[in-house]
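**Q** Take a look at the letters that make up each chain.
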Amino acid sequence: MNKITVRLLALAVISGILLGACSPATTAAPSETQAPAPTQAPATQPPATAAATVAPTQAATASGPNCGTAPVTLNAYFETGFDLPFKLSDEFTKEYPNVTWDIKQDQFANLINETPRLLSGDNPPDLIRLPTMVSFAKQGLLKNLDGYATAFGWDKWPMAQINQNRVASDGTRGSGSLYAWGLNYSLTGVFYNKKLAAQIGMTQPPATLADFDALLAKAKAAGLLPIMQWGSAKSGMGLAFPLQALMASIGPTQPINDWIFQKKGATIDTPSNLTAAQHLQQWIQAGYFPPDINAIEYTDSNARFVKGEGVFTFNGDWENADYDKNMAGNVGFFLMPPATAGGDPAAMSAPLTYGIAANAKNADCAAFFLNWVATNPTARQIDVTVGGSNPGGPSDATMPTVTAGSVTNDTLAAGAVVNKAGTAMDFIANSTSSIFAQGWTPALQKMVGGKEDAASLLKDVQAEYLLELSQQ
Amino acid sequence: MSENRPAALSISQRTYLSKRVRWETIGGWLFVLPALLMYTVFVILPLILTILYSFYRWNGIGPMTWVGLKNYATVFEVPDLLGTIFNAFWLVVWFSFIPVGLGLVVASVIHRVATGRLGAIARTVLFLPQVIPLVAAGIIWGWLLALPGLINQILNAVGLGAFTRAWLGDFDFALPAVGLIGIWVLLGFCTVLLLTGMTKVDPALYESARIDGAGWLQEFLAITVPLLRYEIGVCLTVTVIAALAAFDIVYVSTAGGPGNSTSVPGIQIYVLAFTQRAVGLASALAVMLMVLVVLVIIPIQWLSREGIS
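Heads up: the protein sequence lines correspond to chains A and B, in order.
For the first sequence, counting from 1, position 149 maps to 149 in the numbering used here; every step adds exactly one.
For the second sequence, counting from 1, position 163 maps to 1163 in the numbering used here; every step adds exactly one.
Hint data in this document are derived by calculation from the structure and do not stem from the laboratory.
Heads up, some of the hints might be wrong.
[Unchecked claim] Restraint-style ranges between C-beta atoms, simulated for each label pair:
1) A:Gln-105 with B:Val-1043: 48 to 56 Å
2) B:Pro-1299 with A:Gly-265: 31 to 39 Å
3) B:Glu-1077 with A:Asp-170: 53 to 61 Å
[Said to hold, decoys possible] Heads up, simulated SDA-like pairs for lysine to any residue below, C-alpha to C-alpha not over 25 Å straight-line:
4) B:Lys-1070 with A:Ala-221
5) A:Lys-138 with B:Ser-1018
6) A:Lys-325 with A:Gln-381
7) A:Lys-194 with A:Ala-221
8) A:Lys-264 with B:Phe-1097
Quick caveat: nothing in here was measured; it's all calculated off a predicted structure.
Here a beta-carbon is modelled for each residue, glycine too, at the ideal position from N, C-alpha and C.
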């Protein structure tokens, strides 16, 4: 008996040693092969010009990287539950019949887990919905898109949000080389139930934070729920939306973006952010949010808002299609008003980020598709109707038509305001891959439960941020 | 070793015997080989790799950096990580003590009172949660325990409206609410296992006890519990592991919220490894959890086996 155990142990130890000896090698291997990738990236760009020289013999439209005329199958990974990329890929195949799609789809949470393996695997995707990008760009798993940006003229397009897809050599985001591209540019703000808003005497969207506060107090006094929001850890804490809106209403947006982009020395614990967090705490204490917010999931919150619970809700234009369908004519949108009258409103506005694997077989065709989405009138129309968000594109591109009186109409107009003011921000939940799950969500839930105040909220999140950066 | 063998054993006999023994050994190993291979690949290797990873800082793809025991130190330094271990022990009460205790009572009631059809129905109903996919169960429990949910509706109907709350979103009640789901899942398993054990107890023992005038409680304490020591040990082992290594029940009901009040090591290991991609730190927490489980299980095994021989 003992002998067998000894042998078993010996076997386990030996195989362990063998594997231990192998494993750093095998795990190091991808990074070794990946390491040259960034330097390779420019080298893969000449085919772009090569394609251009071939182009004249092909379709007349092709003047840069394109899909050619030979059959191409694009290997793509999309996010489950969002129709937009599927509709766009169908339309693309209609216009370019030589291009077919091999589309795999998964939930966003699973994509977060799978993306590194997919990008470094044997069959790297030509197009993939990217949950995060800095670490992949740093490890050379993502294609550097600078060459395509030059070829297609992307770098001359007006959307400042494009910078969110840039990663500098030191790993900070917001500047440097382009590693991903947005199918469209989402916008967040405050949606309101028009019937309930009329009930509290709201005739026009609030112009300042004080106006908004007055409306919330009126709603509460009228026995209505002022703000419907979600907060369960299962969907991530929705109070991060109003918190960031308050931060940008009270203070400047640049320090917030610097923190999200992991600029050296950036902190979320600034005096103006503290004022914003205290303001949110006052809202919580005044009972402006549902009492069971810590148990409400995202989909439940939306369902309850659509059914008429809550005068306002902080959300993004990706819900436009749902709102326009289920509360048609009864929903409006405004940007979070600034604290000082006449100030510029700011908003979270981020690209719906897609990337191309460094070793993708059909990178040129994938880049051509991304350019087509932003420039082709039919694609832009699909982008707005299905996705609800601004399709971006060159400054002279015509904006697709939307139904008058729809909330999509409101958000597109608001997006123009934010783009003009240059006050777009990425989401504070995107600064590191798990700051939402490990930082904002528990800290904001504690604030709701009265276990934490505004000051310790920001301190906790900053500590978690530094801990996560030290683990990278 | 060989000098202990009887001197009378002839050389030929010895070689014959040792040959036979060798063949038996090889045959035995061949039978074990498939299982051993699976066990090695899917249990032993991951175990060794996890221990190995716990000494590195690694994001799962890039190069690994040796950090020694720093990951273990981090687990002790970050309150949210260490807190998960305390939550896991608190869950032991709900996932283990209550289902085993209640299971004993329910099993002995079924054994004594409802031996026929009623007993079969009771067994089936109690065992059903083992069959229902936990994700579906988690969603249903989420509805039941929500503020507008059935449990609060009942409380309102009987005039206990003051006690209504969003159970899974409440700092004081989220863990007990998760525990309640655990009881619901594990009670059936314990009851059925203990009931099977009771049917093996010689009925003559109960009969003689009854002749001596023993009541239900005396029977229970003097015969059932001592003779079911081994079954109770198995129940405790399985449920304690379910509590300490809990993941699924917590993940589908609260995902660790609110504010980490139901966060357990299993959830943190998952988030650290797959969302945060801090594979080393996740591995360190996993190794600590494993050691903890072993430390808790060994005394249970020891106590339940003691006296059986």
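**Q** Enumerate the violated hints, using their earlier numbering and listing them in ascending order.
**A** The structure breaks hints 1, 2, 3, 4, 5 and 8; every other hint is satisfied.
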